[in-house]
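Novice: Hey, can you piece these two chains together into the complex? The hints should help.
Residue numbers (our numbering), protein chains in the order written: chain A, 1 to 460; chain B, 1 to 503.
None of these hints come from the bench; they were simulated from the model. Remember, predicted model here, so these are calculated numbers, not experimental data. A few of these clues could be false.
Claimed, not checked - Selected chain A positions facing chain B (in silico; Cβ < 8 Å): (1) Leu62; (2) Asn65; (3) Phe67; (4) Ser135; (5) Glu355; (6) Met425.
C-beta atoms are modelled at their ideal positions from N, C-alpha and C, and glycine is treated no differently.
Here is how the chains run, residue by residue.
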Amino acid sequence: MYERYHIPMKIVEPRAPRIPEFTISRADNCINCGRCEQACIYGVHKRSESDPREMADPVNHLCKNCFRCVAECPQRALTMSNGAEYCSLGRGVWTPLRISTIWGEAETGKIPVFGAGYSGMFSGPHFDGMWTDMSEIVRPTRDGIHGREFISTSVDIGRLPLSLQFTPSGALRTELPPLLEIPIPMVLDLTRLRIKSEWMIRGIASAAKHMKTYVFADIDSLTQDMLSDYGDCIVPVIPPGKDVSTIELPNGTGMVELTVETSWKNDSKTLLSRFPEMVVSFRVKARKGIEDTVLEMLDRDIAVAHIDYDDDGEEHGASKRHASESLLAIHSKLVSVGRRDAITVMAGGGLAAAEHVPKSILCGADIVSLDKALLMALECRDCVECAASSCPVDIAAASSEWVEGRVMNMVGAWRDQLLEVLGAMGIREVRRLRGEVGRALFFDKLEEEFKAALVGGGRR
Amino acid sequence: MTSSKDIHAAAYPAIALDPSERLRFMNCHSVTRADTCISCGMCESLCPYGVHRRVEGHAKILPPDDRKCIGPSCSVNYFFCVANCPTKSLSVGPSDNSRSLGDPRWPADVVLATWRMAETGKPMSLDDPANCGLSGGGFDELRFVLPSKKTRYDPEDISVSVDLNRRGTGEKITLPVPFYGGGMSFGSISVHTMLARLKAAKTWGTFICTGEGGYPALLVPFKDNIVLQIATGLFGVREETIQRSRIIEFKYAQGAKPGLGGHLLGDKNTPDVARMREAVPYTSLFSPFPFHSVYSVEDHKKHLDWIESVNPKAILSAKVSTPTDEDMVAVGSYYAGAHIVHLDGGYGGTGAAPEIAKKNIAMPIEYAIPKVHRFLEVEGIRDEITLIASGGIRTAMDVAKAIALGADGVVIGTSELVALGCVRCGNCESGRGCPRGIATTDPELERLNPPDWGAERLDNLYTAWRLQWCELLARLGMEDISELSGRTDLLRYRDRPAKEVGR
Chain A
1 MYERYHIPMK
11 IVEPRAPRIP
21 EFTISRADNC
31 INCGRCEQAC
41 IYGVHKRSES
51 DPREMADPVN
61 HLCKNCFRCV
71 AECPQRALTM
81 SNGAEYCSLG
91 RGVWTPLRIS
101 TIWGEAETGK
111 IPVFGAGYSG
121 MFSGPHFDGM
131 WTDMSEIVRP
141 TRDGIHGREF
151 ISTSVDIGRL
161 PLSLQFTPSG
171 ALRTELPPLL
181 EIPIPMVLDL
191 TRLRIKSEWM
201 IRGIASAAKH
211 MKTYVFADID
221 SLTQDMLSDY
231 GDCIVPVIPP
241 GKDVSTIELP
251 NGTGMVELTV
261 ETSWKNDSKT
271 LLSRFPEMVV
281 SFRVKARKGI
291 EDTVLEMLDR
301 DIAVAHIDYD
311 DDGEEHGASK
321 RHASESLLAI
331 HSKLVSVGRR
341 DAITVMAGGG
351 LAAAEHVPKS
361 ILCGADIVSL
371 DKALLMALEC
381 RDCVECAASS
391 CPVDIAAASS
401 EWVEGRVMNM
411 VGAWRDQLLE
421 VLGAMGIREV
431 RRLRGEVGRA
441 LFFDKLEEEF
451 KAALVGGGRR
Chain B
1 MTSSKDIHAA
11 AYPAIALDPS
21 ERLRFMNCHS
31 VTRADTCISC
41 GMCESLCPYG
51 VHRRVEGHAK
61 ILPPDDRKCI
71 GPSCSVNYFF
81 CVANCPTKSL
91 SVGPSDNSRS
101 LGDPRWPADV
111 VLATWRMAET
121 GKPMSLDDPA
131 NCGLSGGGFD
141 ELRFVLPSKK
151 TRYDPEDISV
161 SVDLNRRGTG
171 EKITLPVPFY
181 GGGMSFGSIS
191 VHTMLARLKA
201 AKTWGTFICT
211 GEGGYPALLV
221 PFKDNIVLQI
231 ATGLFGVREE
241 TIQRSRIIEF
251 KYAQGAKPGL
261 GGHLLGDKNT
271 PDVARMREAV
281 PYTSLFSPFP
291 FHSVYSVEDH
301 KKHLDWIESV
311 NPKAILSAKV
321 STPTDEDMVA
331 VGSYYAGAHI
341 VHLDGGYGGT
351 GAAPEIAKKN
361 IAMPIEYAIP
371 KVHRFLEVEG
381 IRDEITLIAS
391 GGIRTAMDVA
401 KAIALGADGV
411 VIGTSELVAL
421 GCVRCGNCES
431 GRGCPRGIAT
441 TDPELERLNP
451 PDWGAERLDN
461 LYTAWRLQWC
471 ELLARLGMED
481 ISELSGRTDL
491 LRYRDRPAKE
501 VGR
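Chain B with its partners taken away, still in its complex shape (with noise of 0.2 Å):
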């Protein structure tokens, strides 16, 4: 047998590189000049970044352009401005505007640190702060133990592809990168975005789910790259849809409303979006919860057996939140004849959300991914069923520790948004959406990220996110990102009393 590797080495597209100007506006060190300044030039002719630049002719050098500053760690170097004034006038310190980016989750460093992946295709090393967040628990306080010495590797060498299908019915379907995305319906998000996420899912072989509201025409041509999301509100479901999708996902549950059903407020709800959903314009629609044809595991079978018949193909995921007895329900599942359990973990994105679901209904990933695990190794069923988590997962490093914890693949979102130059402001819900012209459905706004500026960033953030895996997996010996899964051993937890986590 000619393992995935062997396929798929081949297809990772080289990097685009085509630097977008457009996000470079953060500043996170802000450089000040006080008035004390003598317009020596001393500092343009020192910083090689160009933070201190005066027009040829000018008396006055320009105000700096902090945006290129590395900040006060350049102390160390014999050419830190700050250090070399003759007047002492510059000073360097964090920005206000940094500050006010991002949030404990995605700190500002995180958020940063993904534009510039997504610009550039360069991984990050992986002992870079920005790759865990500041939360104070979960992944952010989870280290993988590296030997300490640097291995000559070849990425060709290493595979970082996942098998979806474990069982011995369905289309066998190998991915591979070890994730795929998640479900953001159209109404939630723009049709750029959707095509954007697509056209970079078709590039890497791997799929994108376009959550529960069914999706326009203009994404037909995507159908080998599209999950199906069977939700409870069954938007966009019809038989045709069942046929041509390859990965049929049942949502039970969402991470980050558990228990709740889908939201989609009346503005975002466009004459285009209610048309797909066969709704009224400008309503809110908000979907039940759970399926009234589920009460039962019997009755999660009877459903997986529906689209068995109408599409005997395709392959199955059960997706769902992330309770005290998942384990029994990803049990249940597998006995239904599910392919895939997606445990999606409480602190998952989402389009809009009551707060008090997003913090306080069912557990983190990070919790529930080494119990599942475990609970399906007990009953030997590990094996034939692939174990996906979401919600929550950042950063590759995230995806690594996620599988290192026990799953097989993961699930992803936020991250590409955040590629797209999402800043994380939650306003995603109401009004004209997004302000940023992702989550959108409002056309003037949804122009400002054309689908192949955002495919060729998605595609530099899979580039750059694939080669931290193959350090990470050359370093850790291993040749196949599969050995990772369940190797807890190799994770340092740093673990604090519950009364110094906190805000």
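In isolation and in its complexed conformation, chain A is listed as follows (with noise of 0.2 Å):
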């Protein structure tokens, strides 16, 4: 029986008090004539309940900035303004719109709907300065999650054979390798988070074996329990330093992740002996070159070349350049040389939105793993300095089921995006969107072509 893979998604409360976005001040020449109360269709203004004679202070987080009450008060006393902890949350990618879009989709699961026209800025560095293709008419399409027809978010993990081979009988003499399937091509990496409790690492992967997808872990962050409960979708990862000759693998997902260190070539040997039946992922801090080290890996017939880029998407070390170059440079490698479905391509680091998924995807990336953004889809207000004991969102503390919750809106929402571009693209599976960046507009291409239309003007 066909079965509708669907994200289960539930209204999830944040813990945390709401950041404003936009605070109305109250002068102290109001004279509590009510006029806000009438004007604000978004309960803003309240009379005080002590003393109903005055107004109470503006709820501020309900304000959506329509400028209605400063527009209406007779003394002029209201006065708008940025709310300054909104203005000044996150850092470089994670911009305060950006962390406060994620709180709100893994608050609701919803994808973001909003009036009015865009209103950013016209373009940007790397993925900003990226549109993906939509088709008109021509091509035959589909109705994205509104619809009728199937749109597969479904990705391979491992070496998929290039060609099958067949005895004179008919019998299959391809050996296969070792292969998985999720089916979204998200991948929560609990790694690289900064904080994580007992409760964080079951909630995440509960959410993860809720939505059939994997979650990466330190090995040594794992209890019996946890594995005993979510194991089937635990991929563990071994921390560099350890002798891979030895280590005993809990049974589960089929799946381990090792770092890449000056003896990556030698445990990838002893590994791939070893467990012929797993898939073997490596994770690899992006740098100079990386297309080439991807090409050694796939060389040595490793299954996942996981790619880490830093928290902005950018290359480590001095090259910096962004996953968007990056990833299309070891996608052209692999391509050049015939044999680009023989490894896997995960990329991690500065996925930001939900438009970063399709993006990195068009790009060359198979699969994408999640990690800071998990943080922010628990509230997290991205400090500069962090710790369990003075987190502002206590984010230890949180229930696993809360933790869980969240983290299926958040995924489930950006599902849902991903659906809505590939609808718009015309590409019925999301395996066919990798590397086409036939169907991908880029803001320099674009702007040389325009450049040159300018020079050729005249008069008709």
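Specialist: Written as structure tokens, this is what we have:
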């Protein structure tokens, strides 16, 4: 029986007080006439409960910046300003807007839908200077999430055989390498979280289990309980320095991850010979020349190259190439040797918004791994200094059910937005989005064409 | 042949001069008076704008009315209050209100300038910074290369009209202004807003598209100025509505949500709206995408033939978004028989759209116009089709830039709403809809904007825009706005690498 993949979502209220995007201040010349209360349709202005002769302080987080109260105040006593705490949230690609969008997605599980046209910058660096294509009428298309036709977001993890061979009697001769399939091109990565409690690990693992995807976790942070509860969705990550010739792996997903260090070539040989039925992933910090490292991994039959970018999605070290360029270089290199599908490319770091998922895949990743975004779903304020003891939202104390709900809401909303993009492009499965740069529009190229077009103009 | 100029020059309405206090709340600059003020009254006697006032007989001076202040640029004047205050108690700077109004595409300056034009009908000067947004690309980085010498001209000698029909079939329609109003459906905006737009359109002899929700009987008297939109939901499309419309627009896609169908969230689907759309009240209405009757350009022709058989005089427009192959789409539309190809760029307005679609799907209109214009020229069909651009066209100068890039005319939408008092807060989609009564179906909120008041503001805005175009054309030595089309040589592009553009 065909079963449609679905991520169940329900409202999961925030634990911490909301951070208002706008604040309204009421000056001393307020005469408590109550005109603001009548004007505001969001309930920002209310009379004081203890003394109905006075207006209470505005409930700023309900304010949506419509200026009705400011305009209608007969005393001109109200002033609208941008919320100071809101404006100071995050850094780099983690802008206040992106962080608060994730909070909203994690709360409701809904795609952010608002009125009025786009209000941001014309373009921007990297992913912001990239548009996805859409199909007008010509290609057979579908109805996105609202319709009947199915869009697949399933992806494979492992080395896909590039061809199949059969014996004369018709039996399969090709030896099939271990292969896994997940229904969304997103995995959850706990190893990069700055802070984690047992409840968080359990909550996120449980979310992964419900969504049938994988969670990457340090092998040492896993208890026997966790493994028995969520073992089939946990990918143990072996930290650098462990002796792989003696290591014992828990039964479970059939996948294991190591880190690329000087001895990785020997490690991989040992591991592959000891666990031939396992999908072996290697995590590598993206640096200059990452495409050659991935090529070497390919030559050593490693199934997954898990590429780590920094929190802004850039390469480590001096090169600072962004994932959009770097992934494209890796993808092109693999295509040029004719073996693109013989390795799975997984990219993590700098994924701060739903649109970064289809854009990473367009640039050549098969799968993205979500890290900091998970913390954001748990209301992380992205403080510069981070410690469990001083956490403003006391993230470590959150219950595992709450964590699970928030994470599923966020991932679910991101998947629905991926479906919107795929639907608009007329692509019916996410596998076909990978590396499809012909269906993306890049700022630099458009700009070049635009400037060329400006030169040629003249009287008609 | 008489030119359209002769027909319409007399028809431009006089500027209405009925200022509306309601939108004069915004103070761009804040003037603060410290406690050290001794109420000497020097500032009151100096300021010609009336910022500082003392009520007769009062010892203390009133708090400054900084709505009237012209800001720190006043420092060049001898009467600058801050410099002249004997106790140095006054200071002036940007106000919090203006900092939280608007966004890079619609900065506070542009919103306020649009309000000012809607109130006074007076044009902005061509070098006013409020002619552009601050989004760092596209129209905002394009400038006209103008001769420095100003010329005397009479606006009556300059034509800004545009022919919508350049083919042998259908009614000949000439707009006296190079724009018509974009599709906003009954359900997304209030009946008062629709009426205001239509009244202004009737005065100016242009059109307003009613979007995909059909329209109430109240609007039938304006049928000569209505563009009927046929969108994928087919709401409000009936034989009689097709027969009474002079322009029929097929909405294949919308720039703000290309590849997605229309969204009307349940809250705004009131019983009246639902009746018009033959739907259940308070359910969310998501139109499908695409037309399931159109999977090829041949199917598109079938669509146009359908309308031609119901209303042979109607002129047909294909509204499409801006994918990579939009030049091919435009050519296909021409050969299928469309009179107008309407390109809607990604940064266009909407009553509700997923945020991910607004920025990330399909390219901005600035890139699309020259591409399609050139392609149609190479195909040799440019002169037979009207190229209309929309999606992020905010000011009169944006309109002129779009035309210089290769369009014949434009479609506007958000600017009209801003003229009616929109502050671009982006909350049109849910609950009671627009708190300012523009994009709402709430009967109480709707009453905030009487249709006649709105129509007058739009008249004023159009007047101001027309005068701006006239000045621009006069400076460029042109008499007709059609001369401007495709004149990219008159534009200068301040280019910056992508890495420097951004938030």
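Novice: Which of the listed hints are broken here?
Specialist: 1
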